[in-house]
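Starting from the structure of chain A, add chain B where the hints point.
Chains A and B, in that order, are what the protein sequence lines are. For the first sequence, my numbering begins at 1 and goes up steadily by one. For the second sequence, my numbering begins at 300 and goes up steadily by one.
Rather than coming from a laboratory, the hints here were simulated on the basis of the structure. Computed from a predicted structure; not experimentally measured. Think of the CB as a built atom: it goes at the ideal place given N, C-alpha and C, for glycine as much as any other residue. Just so you know, not all the hints are guaranteed correct.
[Said to hold, decoys possible] Stretch by stretch, here's where chain A covers chain B in the computed footprint (C-beta under 8 angstroms, at least three residues): (1) 407 to 418; (2) 429 to 437; (3) 449 to 461.
[To be verified] Label-pair distances were calculated between CB atoms; the ranges are: (4) B/GLY451 <-> A/ALA246: 32 to 42 angstroms; (5) B/THR389 <-> A/PRO154: 39 to 49 angstroms; (6) B/PRO356 <-> A/GLY282: 54 to 64 angstroms; (7) B/GLY481 <-> A/ALA151: 32 to 42 angstroms; (8) A/PRO117 <-> B/HIS432: 51 to 61 angstroms; (9) B/PRO350 <-> A/GLU160: 18 to 28 angstroms.
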Amino acid sequence: MCEVAEKNERVWLLSGDLGYSVLERFAEKFPQRFLNVGVAEQNMIGIAAGLAMSGHIVFTYSIANFPVMRCLEQIRNDVCLHNLNVKIVAVGGGLAYGPAGYTHHALEDLAVMRAMPGMTVVAPGDPVEARLATRAIADHPGPCYLRLGKAGEPLVHTVEPKFRIGEAIVMRSGEDVILISTGGMLERAIRAAELLSDRGISAGVLSMHTVKPLDEKAIHGAALRTRLICVVEEHGETGGLSDAVARTLSEHNATCAFAALNIPVEENGKIGSQSYLVERAGLTAESISERIARALKQQ
Amino acid sequence: MSNSSLKELARTIRAHTLCMVHKSRASHVGTCLSMADLLAVLYGQILRVDPARPHWPDRDRFILSKGHGAAIVYAVLAERGFFPASWLETYCEDDSKLGGHITHADVPGVEASTGSLGHGLSIGCGIALAAKHDDKDYRVFVMLSDGELDEGSAWEAILFAPHHGLDNLIAIVDYNKIQSFGSVRDVLELEPLADKWRAFGWAVLEIDGHDYEQIIDALSNVPMEEGRPTVVIAHTVKGKGVSFMEDQLAWHYKSPDDEQLARALIELGESN
Numbered sequence: 001m002c003e004v005a006e007k008n009e010r011v012w013l014l015s016g017d018l019g020y021s022v023l024e025r026f027a028e029k030f031p032q033r034f035l036n037v038g039v040a041e042q043n044m045i046g047i048a049a050g051l052a053m054s055g056h057i058v059f060t061y062s063i064a065n066f067p068v069m070r071c072l073e074q075i076r077n078d079v080c081l082h083n084l085n086v087k088i089v090a091v092g093g094g095l096a097y098g099p100a101g102y103t104h105h106a107l108e109d110l111a112v113m114r115a116m117p118g119m120t121v122v123a124p125g126d127p128v129e130a131r132l133a134t135r136a137i138a139d140h141p142g143p144c145y146l147r148l149g150k151a152g153e154p155l156v157h158t159v160e161p162k163f164r165i166g167e168a169i170v171m172r173s174g175e176d177v178i179l180i181s182t183g184g185m186l187e188r189a190i191r192a193a194e195l196l197s198d199r200g201i202s203a204g205v206l207s208m209h210t211v212k213p214l215d216e217k218a219i220h221g222a223a224l225r226t227r228l229i230c231v232v233e234e235h236g237e238t239g240g241l242s243d244a245v246a247r248t249l250s251e252h253n254a255t256c257a258f259a260a261l262n263i264p265v266e267e268n269g270k271i272g273s274q275s276y277l278v279e280r281a282g283l284t285a286e287s288i289s290e291r292i293a294r295a296l297k298q299q
Numbered sequence: 300m301s302n303s304s305l306k307e308l309a310r311t312i313r314a315h316t317l318c319m320v321h322k323s324r325a326s327h328v329g330t331c332l333s334m335a336d337l338l339a340v341l342y343g344q345i346l347r348v349d350p351a352r353p354h355w356p357d358r359d360r361f362i363l364s365k366g367h368g369a370a371i372v373y374a375v376l377a378e379r380g381f382f383p384a385s386w387l388e389t390y391c392e393d394d395s396k397l398g399g400h401i402t403h404a405d406v407p408g409v410e411a412s413t414g415s416l417g418h419g420l421s422i423g424c425g426i427a428l429a430a431k432h433d434d435k436d437y438r439v440f441v442m443l444s445d446g447e448l449d450e451g452s453a454w455e456a457i458l459f460a461p462h463h464g465l466d467n468l469i470a471i472v473d474y475n476k477i478q479s480f481g482s483v484r485d486v487l488e489l490e491p492l493a494d495k496w497r498a499f500g501w502a503v504l505e506i507d508g509h510d511y512e513q514i515i516d517a518l519s520n521v522p523m524e525e526g527r528p529t530v531v532i533a534h535t536v537k538g539k540g541v542s543f544m545e546d547q548l549a550w551h552y553k554s555p556d557d558e559q560l561a562r563a564l565i566e567l568g569e570s571n
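So that you can see chain A by itself, here it is in the shape it has in the complex (with noise of 0.2 angstroms):
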């Protein structure tokens, strides 16, 4: 964020009060594109839509779903209707926030932010994503919306691949199985892909980055290749890369079987860390090679 901002001096950056020893280093270097708002997300959006239409390109900073449903409406009128240069950050994004409970697990906002008009919906999958992310969208008109987990998630990516908004990242081919992951699952994917290949299964694993707009050429390549899509979620049923990616495969007539792991319903409100609720949720890479060895024995 840093390195966005020196190399762009039109870069801010909005603070809903939140950001403790995360956002001190942007904050003492460059005080005059700083502000924290204060627990005030209506009006972080609307300020920064107001600096966004005077030529400024604004990040707004909060976390799981504070900055997305409790500003909503300034999001879809004041910044999407006047396609602005916002965009929105989220931490904690699925259940990285598991003992916090239910108020600060975001399992809708890809749902949510993909329904936006004009709005850019990133998720990367490890910390090497999430830093070509932010620059990427720095540079990408109109908004965005990124979703990002907390600190700390493992390294997927030992070198930096080629980032670029609405192009997926091929982690590995595969025959029997591609799995498409979005968001923090990529590494969980990733493992789930090798315990396939263990048991003789080619599976292979795109990282979705870009929510919307959806690489559906990759996403169409990948139906050709494979018998089986499944995409791998930490967001509720509803709305999320799955039913994007399932709304393509069905509009383009794809042969290939479709599944789709997410976070079922029945677990809202489950609290636990989140490696716990994944569990809980048959998100492991354990679980999820298990369900497709499974499905795939199915068909």
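Positioned in the frame of chain A, the structure of chain B alone reads:
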């Protein structure tokens, strides 16, 4: 512009508005008429705008936060030459640029689209902040309704602006005392309104929103205090200028029929 020219401008935009809502069978005529005199002074004398250059970077910004008062803002923009007056005849019609709530797309002079209440002052804060940061001397005027002050988001912005010393921000409250479904006093009392703004750190002035000397005096002397945003609480009458519409909740919704339009225009002194 002389006072008589300003009054003539107000009369003209009231007449346009009546014709627009009559033709389109649209609502919100009362809320338009209550701010006619304020808009005439703003666009006739106060705002540094140039109709030939609607995107001039140094222009003053005017945000209509009470977006339902769109018709009369379109009327004043047309009168100032931002776009042809013939556009007004398309208000709310199929494929019109001029929507029933203020719409910015392809409408020169409209800074922001609003319609849901409680959005405009935050946008104004952002623009005012940008002016400070960019070392520009333009001002940002935001027109609010009284009912709009029920919105919590309005108070987020009211809290924010003084904290950041946004003395280039001027809020105007069109305090006509009638909101959507009743009188302000009955629905959700705002009084003591001036004290509330003062307590939040604003420089506050209460005026008669139909008295030209008071309006001109208030809006010519902003900021009232250096380092503080200004709020002009303008006491107005809903439906002002047409006797049978004045102070009537019904004219938040009704549009005049042929006979009512003719009577209203005669009252305004329109010859045809």
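Quick rundown of the hints versus the structure:
Counting residues of the stretch 407 to 418 of chain B whose beta carbon lies closer than 8 angstroms to any beta carbon of chain A gives 8, which reaches the threshold of three, so the coverage claim holds. Coverage of the stretch 429 to 437 of chain B by chain A holds in this model, with 4 residues showing a Cβ closer than 8 angstroms to a Cβ of that chain against a need of three. Proximity of the stretch 449 to 461 of chain B to chain A, defined as three or more residues with a beta carbon under 8 angstroms from a beta carbon of that chain, is established by the 6 residues found. Range check, B/GLY451 to A/ALA246: Cβ separation about 38 angstroms, and the 32 to 42 angstroms hint holds.
Separation of B/THR389 from A/PRO154 is about 58 angstroms and departs from the stated range, judged on CB atoms against 39 to 49 angstroms. Distance hint check: the CB atoms of B/PRO356 and A/GLY282 are about 55 angstroms apart, consistent with the given range 54 to 64 angstroms. In this structure the supplied range 32 to 42 angstroms is violated for B/GLY481 paired with A/ALA151, their Cβ-Cβ distance being about 51 angstroms. Look at A/PRO117 against B/HIS432: about 29 angstroms separates their beta carbons, and that is not inside 51 to 61 angstroms.
Between B/PRO350 and A/GLU160 the Cβ separation comes to about 51 angstroms, which falls outside the hinted range of 18 to 28 angstroms.
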